[in-house]
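*Asks:* Okay, here's what each chain looks like letter by letter:
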Amino acid sequence: MCKISNIWVSGEAVSALTDLIAGAKTLADTVSVIVFGDGAQAAEAFAAGADKVYVIPGKDLLLEDYTPSLQNLIARENPRLLMLKTSKRMRLIAGRLAAAAKTSVITDVTALTFDGGAIIGEHMVYGGSAQRLEKSSAGLCVTLVPEGVFEAPPPAGASNGEIIEADFIQPSRKANLMERRPIVAESVNLAVAKKVVGIGRGVAKQEDISLIEQLAKAIGAEMACSRPIAEGANWMARERYIGVSGAMLKPDFYFAIGISGQIQHMVGVNNSKTIIAINNDKNAAIFKYADYGLVADLYAVVPKLIDKLNA
Amino acid sequence: MIDFQKTEEQELLLESLREVYKRGNFDDYFKECDKNHVFPEKAADAMVEAGFAKLGIPEKFGGTDCDFTTLIFVAEEAYALGWPSLCWVNQALQVDDIMAFGSEEQCKKILDLGLKGIKPFTLGFTEPQAGSDNSSMNTKVERKDGKVVINGHKTFNTAANRSPYMLCIAREYKNESPYKDFSMFLLPMNLPGIQIENLDKIGNWMMQTCEVYMKDCEIKESDLVGVAGKGFYQLMKNFEVERLLVCAANVGMARCAYDEAVKYAGVREQFGQTIGTFQLIQEKIVDMKIKIENMQNILYKAAWKKSTGQSIMIDSSLVKRYTGQAAFQVIDDAMQIMGGIGYTNDCRISRLWRDQRVYRIMAGTEEIMVHTAGRALIKEAMKG
Amino acid sequence: MSMKVIACYKIVPEELDIIIKADRTLDMSKAVLKLGQYDLPAIEEAVQTAESAGGKAIILCAGPTEIDNSKLIKAALSRGAAELFMVVDDAMKTADASQTAGVLAAAAAKIGFDLIICGEGSSDIYAQQVGAQLGEQLQVNTFNAVNNIKLNNGSIIVERALEREIEVLDVPLPAVISVTTDINLPRIPQLKDILAAGKKPVTKWGLSELGVSIANPIDVVSTLAPESKERRQIIIEGDSDDKVEAFLQNIKKDL
Chain G
1 MCKISNIWVS GEAVSALTDL IAGAKTLADT VSVIVFGDGA QAAEAFAAGA DKVYVIPGKD
61 LLLEDYTPSL QNLIARENPR LLMLKTSKRM RLIAGRLAAA AKTSVITDVT ALTFDGGAII
121 GEHMVYGGSA QRLEKSSAGL CVTLVPEGVF EAPPPAGASN GEIIEADFIQ PSRKANLMER
181 RPIVAESVNL AVAKKVVGIG RGVAKQEDIS LIEQLAKAIG AEMACSRPIA EGANWMARER
241 YIGVSGAMLK PDFYFAIGIS GQIQHMVGVN NSKTIIAINN DKNAAIFKYA DYGLVADLYA
301 VVPKLIDKLN A
Chain A
1 MIDFQKTEEQ ELLLESLREV YKRGNFDDYF KECDKNHVFP EKAADAMVEA GFAKLGIPEK
61 FGGTDCDFTT LIFVAEEAYA LGWPSLCWVN QALQVDDIMA FGSEEQCKKI LDLGLKGIKP
121 FTLGFTEPQA GSDNSSMNTK VERKDGKVVI NGHKTFNTAA NRSPYMLCIA REYKNESPYK
181 DFSMFLLPMN LPGIQIENLD KIGNWMMQTC EVYMKDCEIK ESDLVGVAGK GFYQLMKNFE
241 VERLLVCAAN VGMARCAYDE AVKYAGVREQ FGQTIGTFQL IQEKIVDMKI KIENMQNILY
301 KAAWKKSTGQ SIMIDSSLVK RYTGQAAFQV IDDAMQIMGG IGYTNDCRIS RLWRDQRVYR
361 IMAGTEEIMV HTAGRALIKE AMKG
Chain U
1 MSMKVIACYK IVPEELDIII KADRTLDMSK AVLKLGQYDL PAIEEAVQTA ESAGGKAIIL
61 CAGPTEIDNS KLIKAALSRG AAELFMVVDD AMKTADASQT AGVLAAAAAK IGFDLIICGE
121 GSSDIYAQQV GAQLGEQLQV NTFNAVNNIK LNNGSIIVER ALEREIEVLD VPLPAVISVT
181 TDINLPRIPQ LKDILAAGKK PVTKWGLSEL GVSIANPIDV VSTLAPESKE RRQIIIEGDS
241 DDKVEAFLQN IKKDL
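Chains as they are written, first to last, in our numbering: chain G, 1 to 311; chain A, 1 to 384; chain U, 1 to 255.
When the alpha-carbon atoms are kept at most 25 Å apart in a straight line, the in silico DSS-like pairs for lysine-lysine are as follows:
(1) G:288 x G:273
(2) U:21 x A:263
(3) A:289 x A:6
(4) G:217 x G:250
(5) G:135 x U:21
(6) A:42 x U:192
(7) A:116 x U:192
(8) G:194 x U:229
(9) U:229 x U:253
(10) G:195 x U:253
(11) A:60 x U:192
(12) A:109 x A:147
(13) G:25 x G:52
(14) G:308 x G:194
(15) A:6 x U:199
(16) U:56 x U:200
(17) A:116 x A:42
(18) A:263 x G:282
(19) A:31 x A:116
(20) U:199 x U:56
(21) U:243 x G:195
(22) A:31 x G:304
(23) G:304 x U:243
(24) A:215 x A:180
(25) G:308 x G:282
(26) U:252 x G:250
(27) A:263 x U:30
(28) G:217 x G:195
(29) U:252 x G:217
(30) G:282 x A:289
(31) G:288 x U:21
(32) U:243 x G:282
(33) A:6 x A:301
(34) U:200 x A:6
(35) A:22 x U:192
(36) G:288 x A:263
(37) U:71 x U:199
Computed spacing ranges between beta-carbons, pair by pair:
(38) A:279 x U:229: 31 to 39 Å
(39) U:215 x A:294: 51 to 59 Å
(40) G:188 x U:229: 19 to 27 Å
No lab work stands behind these hints, which were simulated from the structure alone. Where is the CB? At the ideal position from N, CA and C, for every residue including glycine.
Only chain G is shown next, with the shape it has when bound in the complex:
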């Protein structure tokens, strides 16, 4: 695949950016990383493969407050491709950068390729029913790239590069930070789980989740769920919900219990090596995606499975 000359990479923190830097390195001759605050993160960026680091200075600011400075830097340097690591803040910043540059953002790209001078990004549309290829032929191309598109690099020794201090442009509009509190919710990283058990509407009551947890424990899996369980019913944390607007996973083993298998859920687990399903509805779409299925009432068979696994 042909390379382009320069890619700019940025995100909330360099420590969460190493995969993008490494990925950009395979696509471009030069990788420039933009960091905010001070240059302390520069070394980490160089270690991950950055050639150049722009530092936008600032203190006690919302990340969003760096947007005018970024806009200014972009207008001055005219980068061709900007890869931003997907997060809620970066999604907002990406939109503001694109709007200022009168372009669009290719969001949540699942693949990035070059065709002559064009940059082509792939992303999901229609609730996972389709993949769309979007092409940027010229000008600035802003992309949001989530975790998992590129592999993180092997830890490298410290290296050095060029550090450039960019101008800080005072934002003309600002919000006042009143409070910040960490989300005390369980820290679950489904993205790294090798085995995942997902539950859906087939589980009738919140109390019944403990039954499924016993099964998950017996096979050493993380618990996850479909959208209605986390949103609406609030039986499980938002972080555990799989689907278009939730977690996108690639486990080795996905065990769907009482999940009907709507496309919006399945796009989040389609890349699992093995998909297993229990559902009492033989018509349920989940069986079309399953390697192994059991058509039965989960309340009848899950206790039996637990007994057998723990035997």
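Starting from the known structure of chain G, arrange chains A and U on it as the hints suggest.
*Replies:* Just chains A and U now, kept in the frame of chain G:
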């Protein structure tokens, strides 16, 4: 001009109904309520909160004006989604019955209940010796020392255990013609002397049907509804319309069974192919669909006649007899398509099969429908 | 001057009605149009905010001529807003987030506003970009991931649900806010709301009336269903002990 297109407002209202149903995820809940023989309170509350109890109760009393055809569409759709038989929350017709003849105080009591989706009263009509032959009711009202005293025994009282009142028809024994001798009372169900016994039925487990014994129940003259001696005629006021609402349940329940069975036929495999590829199954599906279409057509036409001021005296009997039988056949065929699974309580069709059967008996048996429509049709023919 | 709150929404195809053809292209011809599901909380929040501020809730949408449909208009207006503005132009058929934001910005500027509320994303494309771009184009404060809005004096206090923290900001108005689906449970329209919807004012503009045109440096190359992964499809029916055992032996191979 025949136009079967629902208005945009009707379509949007049905979309709201489906949304409440979907949000509530009621199917398993109904299964549990059915198993435990309890009323689906939680689901009913959700429907009341979404405004479905208010429909058809006049605006000035806190309801939402709604035409009769729309009430039919809504009831049909609720049952088609799987709402349990006899448990629909809209009481507009009961409210209307009382509004027509009741005192201000009675209207207020009934309105409050109706707006909350609570069935205000059980109908105190049928007695052990007075089923289809309703003129032989002998529950008796006596007036002594300024007191009004009721004695009698009513049966097949839907929701007598839950309704705060009974709309009790009692005989005055003042006029020889029984039809001119009945009076209507709004009888509080918590009176001393009232004893309620649940009947052990084969279906409709979420709504109790009871026997009610009334022994020296003392009420007040102000509990009389309308005019003494006119009770029977007052009862007839909304009779035809109520009958059509019962028919909407028939159509809805048939649709519910049909939808489930047809989907099953499309995926259930036997002998290496889906059973839907067998012509014996296809024939059932086609005949079920014809019956559903016929039921809707005859029901909607009667509703349209009623709303355009035409008499539905004959129509209401035809619709009641036809939809009761056709719905039963559709549900029965649905069960046949499901095979053994259809006969288990896990499958909703078994509930529909048990529940719908009584619609051929209650609110006028299908034989009485022949009696009422038959005579009228001959009379009509002789006119020309 | 009472507060003017605008909620933006998009008319989208029902994704369950999308047919995937043999060549993996999508057939949208059977897809019923509906209000985007992530936009319903935006409308609800605008209505509630306007109510508590004693202001006016306005809804705004932009799209091709198909959106000019009386049922869809009633469906939107039955959710509590007082008035609808729509930009109807077939040039919007292929509009992406950037173009849509440009059109909405022109419309919002013409309407006038204190606060604009957008959904998390459209339920068809789900780029989650319109709110941010709209705010930037209008040169006002803009924040996303908001799951609570409280009125303050000349500003709003918003709570943002970010990945690892809740952030509370005091945002001076005017502003454009994108809300999460957790912010409220959108009302289900009742008959009286539906009937009232038909009587509310609707204003329709074309792109030329707003003086905006559509141009975009990003082209859509293709939209194709993903290639389906081959699955083994070994399905057992029944809950008897030997069926469960057979199922367990199957899955143990991959455990």
